[in-house]
Amino acid sequence: MVCIEITPNIYWNGLNDRTSDLFEGIWPITKEGVSYNSYIIADNKVALIDLVKGIKTDDFLSQIEEVVDPATVDYVIINHMEPDHTGMIKTMQKIAPNVIFVGSERTKQMLEKFYHLDANFKVVKTGDTIELGTHILEFYDIPFVHWPETIATYERTSKILFPCDAFGGYGALGGSIFADEYENLDFYKEEALRYYSNIVAKFSRFTLKAINLLKDLDIKIIAPSHGLIWRNPKEIIDLYEQWARYGTETAGEEGVTFLYASMYGNTEKLMGAVAQGLSQEGIPIKIFDVARTHVSYILPYLWKYRGVVIGTPTYEAKLFPPMAYVLDIATSKRVINKEVIRFGSYGWSGGAQRDLEPRLDKLKWNLLEFFEWQGGPTLEDLQKGEELGKRFAQHLKSMHLEREK
Amino acid sequence: MAKWECMICGYIYDEDAEGTKFADLPDDWVCPECGAPKEDFEEI
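Residue numbers (the working numbering), protein chains in the order written: chain A, 1361 to 1765; chain B, 150 to 193.
Only chain B is shown next, with the shape it has when bound in the complex (with noise of 0.2 angstroms):
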């Protein structure tokens, strides 16, 4: 399982503690901390 990094505000989204897979959010899915879209997170 991966962790997914907001690359604007630093918000880690982690697979293990969410139980969801990153790529299977919804795409209207948004950053819980800034609002920023998936696209702006990358997998660290």
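Isolated chain A, as found in the complex (with noise of 0.2 angstroms):
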């Protein structure tokens, strides 16, 4: 892509990625790609805010030089360390050695681990500012969201916040950099969440914090360092604290995300009853096989229902290992306040029960019921799976009740 102007004298100047078959080295974006964002602020003094990856370096470098040279910059703004927005940071500093690097005390102890760099560093904190010219970038700490060491730049003239992870998503740029240019945005927006409970979900807390410290500015247009850039910025900003708050309140959609794995066929074959029971009711559902879909398909789900089903065999005295992981990696993320049922077959002695219920007490799941058999499901086993759904269902949707009251 060439850079484009997105208000007089800033420029959109990032990378889309549709190579990468992983983002951080664990979330499938094979099919969905997704963008590095930069910026070009060309005042009296030339700032970049934020980097990409190092990926695609000739171009990076030819789209600056469309507006300006290079070797001119002045400032880089790093308002995330991590190696997806700094990844060109010696190229940088080879090309212009008297740039200065802008970011956090933290970034620049971080900065330095990670590329052991000899550079001009400025640090800034909360309500410092930066003048390029008519232009004028304020600087707010808002740690975790997504590391520790992360700011956000506003600039004042613009009115543009550039907040590097904050309000980003998965999801190559179509076309349009400008959320307000898309017909449909159907597929940004499940690739917002899918990142949101991927990347940002642990760090919920921190998120609605920086969404309080923000929301005093005003924003006339949100330009992330992933994904789409939004002229309308309240809607991304709802979506987010929308899902921030699933971290942490016991809030979340009416509906449920179907977990299941199985070796046979058995735990499957009650996997459709208790289904069945679940859609009588008609209750939004979505099923996973375990074994067959990454986690980062699975956590959008889990953030936003607030139901989950567990169906899964023993395996070896234990939990069937897929199932493990994704409790797992959900643990790690913060996946907390869920209603939860389990069913699943057993060969012998059983010990799926005895493995999940610990994990559930760390993950703040609430078990209601759990249902087992040895070996294949009998007639009468699958009219319980079928009633067990069925209960369920009417649980969560008293619960929904309840709390819409």
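Since the hints were derived computationally from the structure, they do not count as laboratory data.
Calculated from the model, a selection of chain A residues having no Cβ within reach of chain B, i.e. all distances over 10 angstroms:
| no. | residue |
| --- | --- |
| 1 | V1362 |
| 2 | E1384 |
| 3 | D1419 |
| 4 | H1476 |
| 5 | D1488 |
| 6 | E1491 |
| 7 | L1568 |
| 8 | L1574 |
| 9 | Q1602 |
| 10 | G1625 |
| 11 | G1642 |
| 12 | I1647 |
| 13 | S1709 |
| 14 | K1744 |
Take a look, some chain A residues computed to stay more than 10 angstroms from chain B by CB distance:
| no. | residue |
| --- | --- |
| 15 | F1481 |
| 16 | I1490 |
| 17 | K1580 |
| 18 | P1644 |
| 19 | Y1685 |
Computed, partial: chain B to chain A, Cβ under 10 angstroms:
| no. | residue |
| --- | --- |
| 20 | M156 |
| 21 | I157 |
| 22 | C158 |
| 23 | E182 |
| 24 | C183 |
| 25 | G184 |
| 26 | A185 |
| 27 | P186 |
| 28 | D189 |
| 29 | E191 |
Idealized CB from N, CA, C, for every residue including glycine.
Please dock the two separately framed chains into a single complex, following the hints provided.
This is the structure in structure tokens:
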């Protein structure tokens, strides 16, 4: 892509990445892609806001050249030092040896450890400013959104907020960089929630703090470092605030993330019966075979839906390992406060339930009922499963009604 | 004496080193590293 002017003398200078398979080395983006957004403010002084991952160096430099000579860049603002935004840092320093990197005290320390740079560095904290000419940058500490060193940059004249990872999403940019130029935003909103649940979720309390800190600013545009630019900032702020509340309050939408796995189809049979029971009550359900689905795609549903069904057999006296993995990730991401039922088959002694319960305690998930049987389910077991599904749906619906009151 | 870990940032509260049991810390005590409240800590 080429540089795109957002407001006079402020340009998007990002890269679309459609060839990396994994974001952070774990989250699949093969089909969806991702963008690393960098910005140029060309005033008396020239500033870049965030860099990009260390790919496509020529493209990145050529884009800067469309606006300014890269050697004349005065400042590079490092809102967040994770290497998908700083991968080009050594290149920039070689090209513009007098460049001043700007970030928090913590960024300075971490950059040294990651890149072993001997660079000019200006430490900023909440309320500090840098005048570029008519454009004035203001800085705000927003720790743990998404690493401890993170800041956000607000440009006073254009009223653009550059929050780096906050308000970002997966998904390479499909033509326009602006959210309001898309006919349909479903893909980007889904990918923003997947990104939130994969990357930001654990730090929801900090996300709410950051939203609170920034809410007094007159923000006309939100320009994050992944995904679309929002000229209607309320749309993405509201979504992020809603998602952050799912992580800090007993909130969540009425619906069920249905996790199951089956070795020889016995637990799968019950899955069908329980799902039927749930469906009869008209509750939204999303079914995942956890052995065949990357946890990245499961997390957004776990994050937003209040109910979780766990259908898992015993495997060598423990939980079926792919299920244990999903619950481990959910624990690490602080997916807390869910209502849960569980069912599953065992071959001889069982053990999955014993393995599961302390995991649920850690997650603060409330197990309402569980149901196990040996080997293949009987017709009676299937009927029990259907009833279990119905009861669970009714429970979730009544909780939801209670909350609406 | 036990150790408690902040589930958000990984900070370890070591009762031995601090001289105060985690349970005896005031309710409004927060993680010195990231500011997370007590309920985000788990005994390790």
